[in-house]
Amino acid sequence: MILQHIFNTIISFLLLTRGSGGAKPCINIDVRGHCYQIVDTNTTWATASRICKENDGHLIFIETAEEQQVIAGQMQKRNFTADALWIGSANVHSEDGPRWENGESFTYVNWAKGEPNNPREEETCAEIRTYDFKWNDKSCTLHKGYICEKTDDFNTCTTVGNIRHCYQIVQDEITWLQAFKSCSQIGGMLVTIESIAEQQFIEDQMQNKTFTVEGLWIGANKLHPENQRTWANGHRFTYANWAKGEPNNKPYVENCTVISTSDFTWNDQKCSKKRGYICEFPRGVKPCISIDVRGHCYQIVDTNTTWAAASRICKENDGHLIFIETEEEQQFIADQMQKRNFTAGALWIGSANVHAEEGPRWDNGESFTYVNWAKDAIEPCRTVGNIRHCYQIVQDEITWLQAFKICSQDRGMLVTIESEAEQMFLEDQIQNKNFTVAGLWIGANKLHPENQRVWINGHQFTYVNWAQGAPNNRQYVENCVEISTSDFTWNDEMCSTQRGYVCECQLVVVTVNLSALFLVVIGTSDLQIWVIIVPVVSALILLVGVVLLCCFLKRRRKKQKKKVEVYQDLQDMEMRKAEHIYD
21 MILQHIFNTI ISFLLLTRGS GGAKPCINID VRGHCYQIVD TNTTWATASR ICKENDGHLI
81 FIETAEEQQV IAGQMQKRNF TADALWIGSA NVHSEDGPRW ENGESFTYVN WAKGEPNNPR
141 EEETCAEIRT YDFKWNDKSC TLHKGYICEK TDDFNTCTTV GNIRHCYQIV QDEITWLQAF
201 KSCSQIGGML VTIESIAEQQ FIEDQMQNKT FTVEGLWIGA NKLHPENQRT WANGHRFTYA
261 NWAKGEPNNK PYVENCTVIS TSDFTWNDQK CSKKRGYICE FPRGVKPCIS IDVRGHCYQI
321 VDTNTTWAAA SRICKENDGH LIFIETEEEQ QFIADQMQKR NFTAGALWIG SANVHAEEGP
381 RWDNGESFTY VNWAKDAIEP CRTVGNIRHC YQIVQDEITW LQAFKICSQD RGMLVTIESE
441 AEQMFLEDQI QNKNFTVAGL WIGANKLHPE NQRVWINGHQ FTYVNWAQGA PNNRQYVENC
501 VEISTSDFTW NDEMCSTQRG YVCECQLVVV TVNLSALFLV VIGTSDLQIW VIIVPVVSAL
561 ILLVGVVLLC CFLKRRRKKQ KKKVEVYQDL QDMEMRKAEH IYD
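Residue numbers for the sequence shown, in the numbering used here: 21 to 603.
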């Protein structure tokens with residue numbers, strides 16, 4: 021098989037690094053939104069400058085005493101082979117004074133005594149000495165180490181007081197729930213403002229911007245199980261900056277919070293309104309060194325090695341060989357690969373267990389949730405009647421928002437029930453369990469911008485199974501929906517109530533080995549496994565098709581193994597379900 025041939029060759033590999041929420045820590049050290057890389061490899065000033073630029077940075081500009089102190093502190097921790105490191109000036113002796121590589125004048129200096137002296141008029145580049153951290157002018161053709169600097173892609177960072185966070189201010193107008201998810205997907209969360217110092221810092225950043233939105237979502241919300249207003253990280257309020265008369269919770273549905281772009285006060289508003297938002301990240305969280313998507317960081321390496329060696333190298337760099345788990349991720353990687361000229365014919369990915377009895381598994385033991393096999397590569401089995409989804413029923417009692425987040429993290433979503441067939445299938449699964457919870461959260465909600473009750477994927481209702489008298493939206497705050505574990509009817513409930521929940525993941529339809537008499541259905545991620553015996557009539561029809569196909573293939577190539585790919589047309593309803601507007 022093609023796959024076996026590939027496994028017997030020495031090829032290149034893909035490295036995936038997952039940081040906090042997928043973001044990548046600074047290459048070396050960071051301060052004030054800057055990222056530094058100290059390199060103890062001797063080279064000329066021009067070569068060092070070129071290397072930094074190739075990595076989207078530049079030789080360091082030391083512009084404050086604080087920055088000098090941070091760099092000196094880091095250098096003290098190292099044993100250098102070089103006596104000095106290049107910094108970002110090759111124009112120390114210009115007529116109008118020393119200038120950095122970007123043309124700006126020096127605003128801070130730390131020259132050694134008697135420097136810069138420019139003997140023989142050839143010392144035009146600046147270095148920082150590794151033994152006393154003073155600056156000196158030197159000939160640019162000498163070989164030194166160097167320090168690269170890269171500005172953080174996030175808007176700004178702060179070290180004010182005890183605050184150790186970076187912030188990203190986004191003016192795209194979306195709902196609070198969408199903002200919550202957007203921040204989470206890139207390794208952060210909606211901002212938590214817990215002191216006057218942090219409030220003041222954010223005000224300073226907002227004053228420097230021209231806003232097209234009247235407010236920005238922050239992490240404060242009233243979706244807590246006890247209906248108390250807390251932050252997105254679960255912390256209770258220790259500081260507040262409410263506008264006059266706020267929060268007023270008018271009319272009992274203003275459960276989320278914005279910060280005004282005009283006077284920076286806070287106001288409670290309906291979570292379904294569309295506003296800008298502020299994400300918050302831990303200090304040191306850094307955009308990916310190489311490529312990133314959905315909070316993942318990738319490094320494509322065109323150096324030939326074995327699978328085991330590639331896996332070891334990735335792990336030594338706090339990552340692993342890539343797990344391609346969605347069509348989106350496959351497309352992203354394919355796009356990046358198209359931009360390169362490879363010496364290798366293929367790249368290793370993160371599975372050495374393709375032919376496991378229970379189906380292909382990634383290096384971490386998880387089953388494949390998406391595949392893109394070459395023709396005749398492998399034939400794992402993945403279908404389930406007309407219902408193209410797997411379900412995970414969880415009895416842990418949490419809020420609707422917490423359930424929403426957990427399902428999203430597992431590459432799924434809260435379940436969407438859009439037909440009686442799907443309702444019946446789900447009932448069959450619920451009947452097989454002994455429940456300690458009264459209900460399970462499903463994806464129906466009333467958090468839509470137009471205050472309509474819709475599914476989590478944005479679809480309008482095409483099927484309902486409401487209990488008698490429901491939905492009643494008691495006290496105008498029952499904006500989420502549960503399915504009863506006793507009679508399987510639906511009921512609207514406060515989103516802050518604690519319930520179990522049902523996650524849904526889309527199954528992947530791939531090639532099937534037709535010698536099997538039944539189809540095995542395996543859920544994505546850690547979802548449950550069901551085995552469904554294909555009806556006898558369907559099996560007979562399938563068998564007839566196989567016989568006819570085998571006869572045809574035998575005429576053309578007697579020794580060729582008979583295989584066929586089986587596909588079933590996805591219903592329009594199920595195709596729409598794969599489109600998550602909350603992505």
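Don't read these hints as lab results, they were simulated from the structure.
Mixed in with the good hints there might be a few duds.
Claimed, not checked - Straight-line Cα separation of at most 25 Å, DSS-like style, residue types lysine-lysine; simulated pairs:
(1) Lys97 - Lys154
(2) Lys293 - Lys425
(3) Lys294 - Lys270
(4) Lys154 - Lys133
Claimed, not checked - Computed spacing ranges between beta-carbons, pair by pair:
(5) Pro139 - Lys335: 46 to 56 Å
(6) Gln89 - Gly134: 18 to 28 Å
(7) Asp116 - Tyr259: 16 to 26 Å
(8) Ser159 - Glu74: 16 to 26 Å
(9) Asn75 - Phe455: 51 to 61 Å
(10) Lys294 - Lys154: 48 to 58 Å
(11) Met357 - Asp60: 24 to 34 Å
(12) Asp116 - Gln356: 22 to 32 Å
(13) Asn122 - Phe481: 56 to 66 Å
Glycine residues also receive a C-beta, built at the ideal position from the N, C-alpha and C atoms.
Evaluated hints:
1. Lys97 - Lys154: With a Cα-Cα distance of about 16 Å, the restraint between Lys97 and Lys154 holds, given a limit of 25 Å.
2. Lys293 - Lys425: At roughly 20 Å apart (the allowed maximum being 25 Å), Lys425 and Lys293 satisfy the hint.
3. Lys294 - Lys270: Holds: Lys294 and Lys270 sit about 17 Å apart, inside 25 Å.
4. Lys154 - Lys133: holds, 9 Å
5. Pro139 - Lys335: 46 to 56 Å: Hint holds: Cβ distance 50 Å, inside 46 to 56 Å.
6. Gln89 - Gly134: 18 to 28 Å: holds, 23 Å
7. Asp116 - Tyr259: 16 to 26 Å: violated, 47 Å
8. Ser159 - Glu74: 16 to 26 Å: holds, 23 Å
9. Asn75 - Phe455: 51 to 61 Å: holds, 54 Å
10. Lys294 - Lys154: 48 to 58 Å: holds, 54 Å
11. Met357 - Asp60: 24 to 34 Å: holds, 33 Å
12. Asp116 - Gln356: 22 to 32 Å: Check failed, 44 Å falls outside 22 to 32 Å.
13. Asn122 - Phe481: 56 to 66 Å: holds, 57 Å
The earlier numbered hints that this structure contradicts are 7 and 12.
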